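Model the full assembly from the supplied sequences, consistent with the hints where possible.
So the protein lines, in turn, are chains A and B.
For the first sequence, counting from 1, position 193 maps to 193 in my numbering; every step adds exactly one.
For the second sequence, counting from 1, position 89 maps to 89 in my numbering; every step adds exactly one.
Everything labelled a hint here was simulated from the structure, so no lab data went into it.
Just so it is clear, the structure is predicted and the values come from calculations on it, not from any experiment.
Keep in mind that the hints are not guaranteed to be accurate.
Because identical chains share one entry, a pair is satisfied inside a single copy or across any pair of copies.
As the list claims (entries may be wrong) - Below, in silico cross-link-like pairs of lysine-lysine (DSSO-like), each with a Cα-Cα straight-line distance of 27 Å or less:
| hint | residue 1 | residue 2 |
| --- | --- | --- |
| 1 | K13 | K111 |
| 2 | K111 | K171 |
| 3 | K11 | K215 |
| 4 | K171 | K142 |
| 5 | K134 | K11 |
Number of protein chains: 2
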Amino acid sequence: MSEFPQTDLNKVKRLPKRGQYDKKTIYQIVDEALICHVGFVLEGQPFVMPTIHVRIDDTIYLHGAVANRMLTHIKAGNNVCLTMTLIDGIVFARSVFHHNMNYRSAVLFGKGSVIEDYDEKWNIFKALTEHIAKGRWNDARKPTEQETNITTIVAIDIDSASAKIRTGPAKDDEEDYTLSIWAGVMPVQMQFGNPISDEQLAQEIHVPEYILNYKR
Amino acid sequence: MSEFPQTDLNKVKRLPKRGQYDKKTIYQIVDEALICHVGFVLEGQPFVMPTIHVRIDDTIYLHGAVANRMLTHIKAGNNVCLTMTLIDGIVFARSVFHHNMNYRSAVLFGKGSVIEDYDEKWNIFKALTEHIAKGRWNDARKPTEQETNITTIVAIDIDSASAKIRTGPAKDDEEDYTLSIWAGVMPVQMQFGNPISDEQLAQEIHVPEYILNYKR
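Written out as structure tokens, the structure reads:
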């Protein structure tokens with residue numbers, strides 16, 4: 001399956017032409033996003049928490065401390081919503097009404113389970129580390145058995161998902177194009193600055209290439 | 001009240017020393033964030049949607065089309081969670097285990113209601129526009145009566161909230177500091193690029209100062 005079926009759950013209802021359902025489009029957003037926002041429900045109350053994630057095939061993995069309330073709830077098999085949002089620009093139209101954002105967002109639905117297998121946990125640690133920075137896993141000191149045991153990893157199989165994307169210039173009402181008002185797009189992106197080496201670093205240790213050339 | 005009482009709802013449970021409850025700290029994050037992620041529950045299913053917001057005093061305002069499912073649900077008075085996340089850096093520790101992010105996040109809880117009053121809607125349109133870019137409201141073509149009527153605005157009074165903040169360098173286990181592994185922080189920020197003027201713009205219209213000097 002290369003596309004998620006459109007159901008009441010994932011269908012983009014507002015501006016449906018912006019909705020996309022193919023995995024390629026959705027997963028590009030998922031993978032580019034450094035973090036996601038996790039939605040879950042405790043006794044009817046919605047919670048939204050930011051966290052890092054990684055995708056392997058059609059599954060999203062989250063991790064945290066064993067006592068983490070969110071992960072405890074997710075691993076019990078409850079419904080979860082995961083949203084990744086990339087902001088690409090602020091769209092200044094001539095009219096207040098048509099102001100907008102250029103963005104790419106992915107909304108994923110699924111249920112959680114816990115990963116107990118030691119080797120599988122190790123593989124996911126690697127994937128999470130590489131999601132943050134490709135190349136880091138080989139360099140860094142790997143997790144100990146104790147670190148592995150005190151970390152919970154949950155898997156969320158993606159049952160349903162959609163992407164919503166807006167690109168391009170401002171769109172004004174026809175009669176507004178003659179107004180003497182500036183309109184345009186201000187590009188927005190996540191900027192990664194010059195790495196600040198740790199003060200306690202031995203002097204001979206240089207910043208690795210994958211950090212110097214970091215991009216997403 | 002300058003601080004939200006710590007309850008089971010808003011208390012930062014993981015790493016409680018990172019939790020903050022004073023309005024000043026929380027509202028700085030709310031106001032700096034361009035967008036928020038809105039969590040709500042429909043028939044037990046959590047949803048998380050990105051949208052722009054604005055805060056006036058202790059209330060968050062969201063807007064959208066009259067038919068918007070999220071707003072219809074919120075204006076009915078249901079529980080909402082609003083999360084704003086600012087990423088300030090990627091923290092590379094020597095050990096995989098101590099990798100981290102520098103971030104500032106705010107998690108707000110409240111119930112919604114709808115704004116019907118025409119003048120109040122107008123004021124919130126102004127606040128939303130100024131949240132996106134200070135100075136834009138005076139320049140842009142104001143909403144018409146019809147545009148105002150087809151836009152729903154919901155208010156969410158903040159009943160409870162907390163912020164969670166991490167700053168500073170990587171923290172490794174004592175015995176790892178001697179390892180030959182680079183550690184440090186890569187600063188992350190939202191970057192606003194050079195504005196791209198609309199192609200259909202009359203030539204004499206220059207980019208406004210508040211766009212050229214844009215920052216958050």
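Against which earlier hints does the structure fall short, listed by number upward? 2, 3, 5
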